[in-house]
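Add chain W to chain S, keeping to what the hints say.
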Amino acid sequence: MDQKEEGVKLTPEQAKKRRSRSIAIAVVLAALVVLFYVVTIVKLGPGVVNRPL
Amino acid sequence: MSLVERQDTMSQDSAVWNGGMGSVSDYMALLKPRVMSLVIFTAFVGLMLAPGSVHPVLGLVAILCIAIGAGASGALNMWYDADIDEVMSRTRKRPIPAGKITRDEALAFGMTLSIGSVVTLGLLVNWFAGAFLAFTIFFYVIVYTMWLKRSTPQNIVIGGAAGAFPPMVGWASVTGSVSLESFVLFLIIFMWTPPHFWALALFKSGDYRAAGVPMLPVVAGETSTRHHILTYSILLAPVGVAPYFLGFASPVYGIASAILGAAFVALAADVWRKREGDEARKACVRLFKFSIFYLFLLFALLLAESLIVGA
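Protein chains in written order, with the numbering used here: chain S, 1342 to 1394; chain W, 42 to 352.
Treat the hints with caution; some may be incorrect.
Claimed, not checked - In silico SDA-like cross-links for lysine to any residue, where the CA-CA straight-line distance does not exceed 25 angstroms: (1) S:Lys1350 with W:Gly60; (2) S:Lys1384 with W:Pro92; (3) S:Lys1358 with W:Lys141; (4) S:Lys1358 with W:Ile109; (5) S:Lys1384 with W:Lys141.
None of these hints come from the bench; they were simulated from the model.
Predicted model only: the values in this text are computed from it and were never measured.
Chain W on its own, in the form it takes in the complex:
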C-alpha cells in the first residue's frame, strides 16, 4: 500500500482506530507470566549447577534476558495463534482475542523483546548463550508454533524442546558451552512435556477439536493418548534419576527422584486404567497437577543441593 493510499484510508474514517487499547498489564499478559516463571526457575537451576562461577550481576542479567526471551516467544505465539486462541475456552481471554491488543502490536512487541533480549545476553554475558537463546525463540515460534502445532499430533513432543532449553541457556551463560549435565536437565523437561500436555489435552480435547489443533486425543483417539502418556512416564522416571547416576546429585536426590518418578508412573497408570466418565477426568487432572509438582520438586532439589555444596 502506498503512502497516498494509506492516507486516503485514514482520512475516510479518521476518528476510528482499533489499536492502542492495550494497558501495561495487557502487554504483561502477552509474556505468558506463568510459563515465564517456570522458565526463570529452570534457567536459574541450570545457571547454579554449572561449574565455575558467574558474577551475581551477570547471573541476574542472564536470567532476566532468558525470561524476556521466553516472554517474547509467548507474545509471538499469541500473535500467530490468535485465531486458535479465540476458539478455545482456556485462551479466549488472552489480550488479542479479547480485543485489547491488535495482532500487529503483539508482533512488534514480541520482535522488539526477542531481539533486545538476545543482543543484551550476547553483549553483557556471552554470545554462545545469546545465540542459544535466539535458537530457543526460533524453535518455539517457527518450528513449534508456525509449523508443527497445526500439522502433526507429535507437535508437543518435538516442540517441547523449546521449553526444555532454558536450563541449558542458563548453564551456557556461565560456561559458554553445553555439556552432558546440562543436556540431562534438558532431557528431564523434554520427556516430561508430552505426558504433562497430553493429560491436559485429554480433559480439554473438545477445545482442541474445535480449534482444529491436531492434538493426540483429537487425531489418534483417547486410548492411544493414554498409551503414549504411560510410555513417556515410564521413560521419564529413569531420566529424572539420571543426575544422581551421572554424579552431579546426591543420594538424597536419587532416592527422592526415584519415589517421585514411581508416583508419576502410578498416576499415569491410573489415567491408563480409568477411561470413562468423571473418574477418568479426575485421573487426568491429578496427573496434570502432579506433573507440575514433580518437575518443580526435581529442580528445587538440584538447586538446594548446589546451594548446600556451594556454601
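Isolated chain S (complex conformation):
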C-alpha cells in the first residue's frame, strides 16, 4: 500500500506557496462568517430571535 508514493509530489516551494494560500483562504472564510453575522444583526436586529415558526 504505497499509495502515498504515487500522485503529485509537491516541491518545497509549492508546499510553501500552498500553505500561504491556505492561510489566506482561512482568513477570507473567517471574514465571511463575521460579515454574514454582522449583516444578520443589521437586517434583523433584535428580531433575529423573534421569528414565527
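This is chain W only, laid out in the frame that chain S set:
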C-alpha cells in the same frame, strides 16, 4: 479522460506538476487591482448619489461585492487572453504568462469569485443588484473578452459598457432599480472609454499588432483613429455636463465639467493635429493621462456634492 487514464498520466511523471506556484499576491494580481480601484470608486459614487439611504454595513457589502465581481472578471479575462498577454509588453508580466498561475487555476479562481460575489450581493443587499452584477461579469467576459475583442475594431466601444456598469450597480444596490441619473453616470464612462483606450492604442499599436488584436489603429490606421478620438471627445464633453442639466449636480459641477470637457477636446485636437514623430506620441500620452484625471475629477465632484448635500 477517464480516471484510470488520468492516474496513468500522473504516475508517469508523478513528481512533476507545474501548478500550485501562485502566491497570494499573484492571485491578487489576477484581480487587476488598478482597474478594481476605479470600479470601487465609481460604484461608490453611484451608491452615494442614489436617492434614499442604505445601512453603512450593507453599503460596504455592496461595494465589496462589486469590487470582487470586477476582480473576478479580470481573472477570467486573463484566463481567456493568456495567449495575447504573452505577446504584449504591457501584459507579459501578468501571473499566467509569467508561469506563476496556470490557466485552469485562474479559471477556477475567477468562477468562484464571480458566483460568490453575485450570490452574496443578491442575498445580503438585493437581487436586482446581484443580477446586474452577474450581467456585468457576463458582458465583460463573454461579450467583450471572448467575442468582440478579437473580432472587431469596435471592441472597446461596445465592450466599454462593462466598465461603465459599476455606478449603475452601486445605484441599484440602494434603489433596487435603474434610473435616468444612473444611466447618465453609465454614459459618461461609456463615452470616455473609446478615446481613453484609443489614445493608449495609438502609442502601443505595435503591441496590439503583434498580438493580432484588431484595435482601431491596427485595422483602420492611425489617421482614422485620430478622427474617432476627436469625435468621441466632442460627444463626451456635453455628456460630462449632463448631471448639471438634469438637476442632480450643482452649477459648480456644471462649470468644472464644462472646463474639463473643453480641455479634453483640446487635447484630443492636439492628438488629431500632431501625427508624426515624438510630438505625436507625447500628445497621445498626454491625452491618455488626462483622461484618467478627467473621469476621476468628475466623479469626485459628484461625490463631494452628494456628501455636502447629505451633511
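A quick look at each hint next to the structure:
Straight-line distance between C-alpha atoms of S:Lys1350 and W:Gly60 comes to about 11 angstroms, which keeps the hinted pair within the 25 angstroms bound. With a CA separation close to 20 angstroms, the supplied pair S:Lys1384 and W:Pro92 stays within the 25 angstroms bound. In summary, the hint linking S:Lys1358 to W:Lys141 is supported, as the alpha carbons are separated by about 11 angstroms, within the 25 angstroms threshold. The hinted pair formed by S:Lys1358 and W:Ile109 meets the criterion: a straight-line CA distance of about 22 angstroms does not exceed 25 angstroms.
Between the alpha carbons of S:Lys1384 and W:Lys141 the distance comes to roughly 42 angstroms, so the proposed pair goes past 25 angstroms and is violated.
Comparing the model with each earlier hint shows a violation of hint 5 alone; every other hint is respected.
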